[in-house]
Amino acid sequence: MSADEVLRLLALISAAEPAVLGYIKTLLESAQGKSGDEFLADADTIWAEIKATAQKEIIPPPE
Amino acid sequence: MKRKRIAAILTVLAVAVLCSGFSCSNYAKAGQLAKDFAATVLAAQQVEIQAHKAGYVDDTMHQAIQNELISVADAGVALDAAINKSHSASGALQQVTVIRQLLSDLLNNKIVGIKDQNTKLAIQAALLLCQTTIDNIAAFGGQ
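Going down the list, the protein sequences come from chains A and B. Converting from the first sequence to the working numbering requires adding 9 to each position, the first position being numbered 1. Converting from the second sequence to the working numbering requires adding 462 to each position, the first position being numbered 1.
The following block holds chain B by itself, in its conformation from the complex:
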């Protein structure tokens, strides 16, 4: 009887330790992906700024893109808060949806007017990298 109780307690403890281990590991992984995403957006922003400085992106388009990046940054902060606050997927996935829409708008509307094809390709590639990173967060959150 005593053995059975000890075995039951050990089982519960083992499950608790395993669960907390997975939880911590998942939290760290989610945080890592969130940081990678922010860094990817930063790199994309710098590519666009340099393209503007070089004269390949006009002022109006540049300001529209930077404005949208502010929205992406706001959504990014909200994403971090959702991951931090709940350690769960649902709140984070809502922000992922918002970010996906913003990136899609940048790719399909904001940068289509760039006349220089190489510049457009460079900015497109940087934004596609952002999309891939946010898709990784979505895939991770959906696990």
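The shape of chain A in the complex, shown without the other chains:
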């Protein structure tokens, strides 16, 4: 892999940084003692976010 390719890959990952950081935060939170209900409520919130984002991405922007 050339330096240019590595840079492009890094740019891609850093652009997605908030989500990656959120992901790491979630994993760290998971290490804390929460109840099953709390974990599932968190999961449902994330699914709702994924759906809302996907729906926004599918709808073409108004001209």
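I should point out that these hints are in silico values taken from the structure, not numbers from a laboratory. There are no misleading hints in this set.
Simulated crosslink set (DMTMM-like; lysine to aspartate or glutamate; CA at most 20 Å straight-line):
no., chain 1, residue 1, chain 2, residue 2
1, A, 65, B, 536
2, B, 547, A, 47
3, B, 577, B, 567
4, B, 582, B, 521
5, B, 515, B, 578
6, A, 65, A, 53
7, B, 515, A, 58
8, B, 491, B, 597
9, B, 515, B, 530
10, B, 491, A, 46
11, A, 65, B, 520
12, A, 60, B, 536
13, A, 60, B, 521
14, A, 60, B, 567
15, B, 547, A, 53
16, B, 547, B, 536
17, B, 491, A, 47
18, B, 547, A, 46
19, B, 577, B, 520
20, A, 65, B, 530
21, B, 582, B, 520
22, A, 43, A, 53
23, B, 577, B, 521
24, A, 65, B, 521
25, B, 491, A, 53
26, A, 60, B, 530
27, B, 582, B, 567
28, B, 582, B, 530
To spell it out: a stretch of chain B is covered by chain A in this simulated footprint if at least three of its residues, at any positions, have a beta carbon under 8 Å from a beta carbon of chain A; those stretches are:
no., region
29, 501-513
30, 526-533
Here are the in silico distance ranges between beta carbons for each label pair:
no., chain 1, residue 1, chain 2, residue 2, range
31, A, 46, B, 522, 39 to 49 Å
32, A, 44, B, 555, 16 to 26 Å
33, A, 65, B, 575, 19 to 29 Å
Even for Gly, the Cβ is constructed at its ideal location relative to N, Cα and C.
Could you slot chain B onto chain A? The hints should help.
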């Protein structure tokens, strides 16, 4: 006689406490895995969105992938409900099967057309992480 009865009651209580302890602990673990899976899909979605914004994924493919992620999210909600409702493996494992099929379709069909190899590898890696997480749920549910 009285001692034997007390011993029997204590045994039953101990077994009940132990069982409820395991049950709660397993429920929390299943919930934790479900949350980790949702977070992994969210990260994969963001990687794909950024790749699309950067021009590495065309509009048609992007919309197809996002559409499929909606199906994954629906199945994820159903998975959470199955874990929550029954605290048992069977209903959850059905949803795990659905999710595995969707992820497999994303990996084997939806993203194969991405021309930029690095982008394809990045999205593939994110989706493989999702697969690994859902496999953990399946392995846990099968215990």
